[in-house]
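Please build the complex by placing chain B with the ligand on the supplied structure of chain A, with the hints as guidance.
Those protein sequences? They're chains A and B, same order as listed. Everything in the first sequence is counted per the working numbering, starting at 1 for the first residue and increasing by one. Everything in the second sequence is counted per the working numbering, starting at 1 for the first residue and increasing by one.
These are calculated hints, taken from the structure and not from any lab test. There could be a bad hint or two in this list.
Sample of chain A residues at the chain B side, in silico, Cβ under 8 Å [unchecked claim]: (1) Gly-252; (2) Tyr-308; (3) Tyr-419; (4) Thr-447; (5) Glu-489.
In silico SDA-like links for lysine to any residue, alpha-carbon gap of 25 Å or less [claimed, not checked]: (6) B:Lys-20 - A:Thr-234; (7) B:Lys-6 - A:Phe-321; (8) A:Lys-196 - A:Ile-132.
Because the structure is a prediction, the values reported are computed rather than measured. In this text, a Cβ means the ideal position worked out from N, Cα and C, and glycines have one as well.
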Amino acid sequence: MNGWTGNILRVNLSAKSFKKETFTEEFAQKWVGGRGFAVKTLYDELKPGIDPLGPENKLIVALGPISGIPAPNTGKAVVAAKSPLTGFYGDGNLGTRAAEHLRKAGYDMLIVEGAADRPTMLYIEDDKVEFIPADEVWGKGTFACNEWIYAKYGKGVGVLNIGQGGENLNRVAVIRSLEGRAGGRPGIGAVMGSKKLKAIVVKGTRPIPQADPAGMKAAGFGDLRKVGQIDKETGWSIQSTTGVLPFCNEVGGLPVRNFRKTHHPLAWQVDGERCNNARIATYGCPTCTMRCGVTVRDAEGHESELDYENVALLGPNLEIFDIPQMASLNYLCDDYGLDTMSTGCILSFYADAIDHGAVAGDFKFGDAERAKELLRMAAHREGKIGNLLAEGSLRMAREFGHGSEAYAMQVKGLEVAAYNCKFIPGQALAFGVAAIGAHHREAWIITFEIRNTTRESYGPEKAAKVIELQRIRGGLFEFIVSCRFPWIENGWPLENYPKYFNLATGLNWGLEDMWTVADRIYSMIKLHFLREFPKASREDDYPPRVWFDPANADTEGPIAGKVLELDKYDGLLQHYYDQRGYDRRGIPTKATLLSLGLQAEAAAVEPYATLSD
Amino acid sequence: MKVLVKVIGPLIYKTGFSEKDLDLPPRTTVAELVTIIGIPADRPRITTRNGKAVLPEDEIEEGDKIAVSPIYSGG
Ligand code: SF4
Numbered sequence: 001m002n003g004w005t006g007n008i009l010r011v012n013l014s015a016k017s018f019k020k021e022t023f024t025e026e027f028a029q030k031w032v033g034g035r036g037f038a039v040k041t042l043y044d045e046l047k048p049g050i051d052p053l054g055p056e057n058k059l060i061v062a063l064g065p066i067s068g069i070p071a072p073n074t075g076k077a078v079v080a081a082k083s084p085l086t087g088f089y090g091d092g093n094l095g096t097r098a099a100e101h102l103r104k105a106g107y108d109m110l111i112v113e114g115a116a117d118r119p120t121m122l123y124i125e126d127d128k129v130e131f132i133p134a135d136e137v138w139g140k141g142t143f144a145c146n147e148w149i150y151a152k153y154g155k156g157v158g159v160l161n162i163g164q165g166g167e168n169l170n171r172v173a174v175i176r177s178l179e180g181r182a183g184g185r186p187g188i189g190a191v192m193g194s195k196k197l198k199a200i201v202v203k204g205t206r207p208i209p210q211a212d213p214a215g216m217k218a219a220g221f222g223d224l225r226k227v228g229q230i231d232k233e234t235g236w237s238i239q240s241t242t243g244v245l246p247f248c249n250e251v252g253g254l255p256v257r258n259f260r261k262t263h264h265p266l267a268w269q270v271d272g273e274r275c276n277n278a279r280i281a282t283y284g285c286p287t288c289t290m291r292c293g294v295t296v297r298d299a300e301g302h303e304s305e306l307d308y309e310n311v312a313l314l315g316p317n318l319e320i321f322d323i324p325q326m327a328s329l330n331y332l333c334d335d336y337g338l339d340t341m342s343t344g345c346i347l348s349f350y351a352d353a354i355d356h357g358a359v360a361g362d363f364k365f366g367d368a369e370r371a372k373e374l375l376r377m378a379a380h381r382e383g384k385i386g387n388l389l390a391e392g393s394l395r396m397a398r399e400f401g402h403g404s405e406a407y408a409m410q411v412k413g414l415e416v417a418a419y420n421c422k423f424i425p426g427q428a429l430a431f432g433v434a435a436i437g438a439h440h441r442e443a444w445i446i447t448f449e450i451r452n453t454t455r456e457s458y459g460p461e462k463a464a465k466v467i468e469l470q471r472i473r474g475g476l477f478e479f480i481v482s483c484r485f486p487w488i489e490n491g492w493p494l495e496n497y498p499k500y501f502n503l504a505t506g507l508n509w510g511l512e513d514m515w516t517v518a519d520r521i522y523s524m525i526k527l528h529f530l531r532e533f534p535k536a537s538r539e540d541d542y543p544p545r546v547w548f549d550p551a552n553a554d555t556e557g558p559i560a561g562k563v564l565e566l567d568k569y570d571g572l573l574q575h576y577y578d579q580r581g582y583d584r585r586g587i588p589t590k591a592t593l594l595s596l597g598l599q600a601e602a603a604a605v606e607p608y609a610t611l612s613d
Numbered sequence: 001m002k003v004l005v006k007v008i009g010p011l012i013y014k015t016g017f018s019e020k021d022l023d024l025p026p027r028t029t030v031a032e033l034v035t036i037i038g039i040p041a042d043r044p045r046i047t048t049r050n051g052k053a054v055l056p057e058d059e060i061e062e063g064d065k066i067a068v069s070p071i072y073s074g075g
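The following block holds chain A by itself, in its conformation from the complex:
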């Protein structure tokens, strides 16, 4: 089989055993890799209702058919498990050398089962798998853990690790790699921690099977150079994603004060220009010629790698307009292995709940020092407050009551990324129907809404755009497994990706074939959701209610007096369901599942919930 190694490495931490398994060409072509492999495997192998933080959960690291092959920007891996934050399928992707090494070791997917009885590091080198005691670094941050690993194996190995957040089962703990890479927002790091797995280290030394290695080499290296040249012309990576902050501020889309406000006069103090001016280093993923990790010094002197999401959510959203202080919070998230976005939303929700009298407390917007303290407590689950913050904003709101769930900024339990949709209906839909909860990775349509349609519209064109982008961003890039930035930010043509895929696999696929796989994956995630939550309803796809509250409207600025309208949003949601072939609950119909070749998967949900015809 070209393109795929055809192998899965299955490791059981309870038994300290491992085996190499193979998969069929049919499986490869139906699910391709990354998110596709992960969702299918977890659906087949996890019983509904299992404890995501128990040994029955499985941690997956999945690659795609171009992972590890030099081409634009293939140094990424998908990590997935049943999420302890949302209660159904959760995943993320991160830049890591482990992507290349796992493939060179001969695997397209790693499945980690069971739980170790003591802190463990998994060391994989081609056919060899070792279970190494990691007591020495248990309790330490991800940076110290990296140093410990590098001292043992050198800097070239692939590393995935967790910090204190994952160890202490904080529900927004991520998996980390390299200087500032992180993935698995819905608590995938906590799943790793529940298995007492501190780190996975991989070294692979073998060639990756490819149909046309010479053609792939020429296209891959040539295109890497071209993408680098385009980036020089556009200048995108000078500010990278941090450049979008003043745009959001300008159009009333910036999260400020737990998303209560949509712009702020001091936002310029943490914008892309200032972040770039403060830059001391640039980091990025392997195989990338447009590296986007703008790195600055934080208030305590650490290097801290920024992007827009963490700047906005740990800065303006907490009313912190100071780069070193905001960077400190970002550094702490990275070191503790916590998701920067969810953490920003959790802290802002806590301050807002105190402000609105839902709970007593001493944390106020703008208090960076107290925010650092709270972050440390959350990572260690220290005391009542630490334990509360470690649960995520939805569980906190249920504990607080007093109507606070309306302004817990989350969908399906996953905190909203850094775009304030108080009056951006299409992006609100994108968050509402994002497969794993309110992630920005799958569809971002704000410029489209403002430039190509009317902002006020709740029309079918917005649902169509969300689907188009989900297929590309949440589908193609997540199953072929490469970074979407060359395409989305520098206009690298999409047609290149089937080209790489075909050179690797020897198949002759076009983009239409990719969309079928993408739709299959989206349907599968919905089936996961339904099997875990048989009472699923369309309200699960509603964004935070505060965005519909007229009392929360801006009093000045570009969207003064405007908020989303619930009945119209519901209509937009219906457009999305109709175009997707989903029923009124937002679940794929039997006919849709059949057209995607998911008969067996549909049958597997029926003991738990009904499907519509």
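Quick look at chain B with the ligand alone, frame taken from chain A:
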């Protein structure tokens, strides 16, 4: 007429500024302004007036706050 012009993201390295008060002749269009400040006409961009998108042929008015941004795709 006086207008406040904001330039966003890497476009500031083309214009040499990120925010400036400009004195423009009456009836200047958005497209003309973009050329005046040194952004190549073929560069994809979104321009807003007081936070709302405008078209290249739209005329600028006294006191407007115009922002010129690359077409971001939201990370
Ligand atoms: S653009 Fe950024 S996220 Fe994408 S591969 Fe390069 S460094 Fe990684």
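Right, here's what the structure says about each hint:
no., hint, result
1, Gly-252, "6 Å, holds"
2, Tyr-308, "6 Å, holds"
3, Tyr-419, "7 Å, holds"
4, Thr-447, "5 Å, holds"
5, Glu-489, "6 Å, holds"
6, B:Lys-20 - A:Thr-234, "22 Å, holds"
7, B:Lys-6 - A:Phe-321, "19 Å, holds"
8, A:Lys-196 - A:Ile-132, "12 Å, holds"
When each numbered hint is compared with the structure, no violation occurs for any of them.
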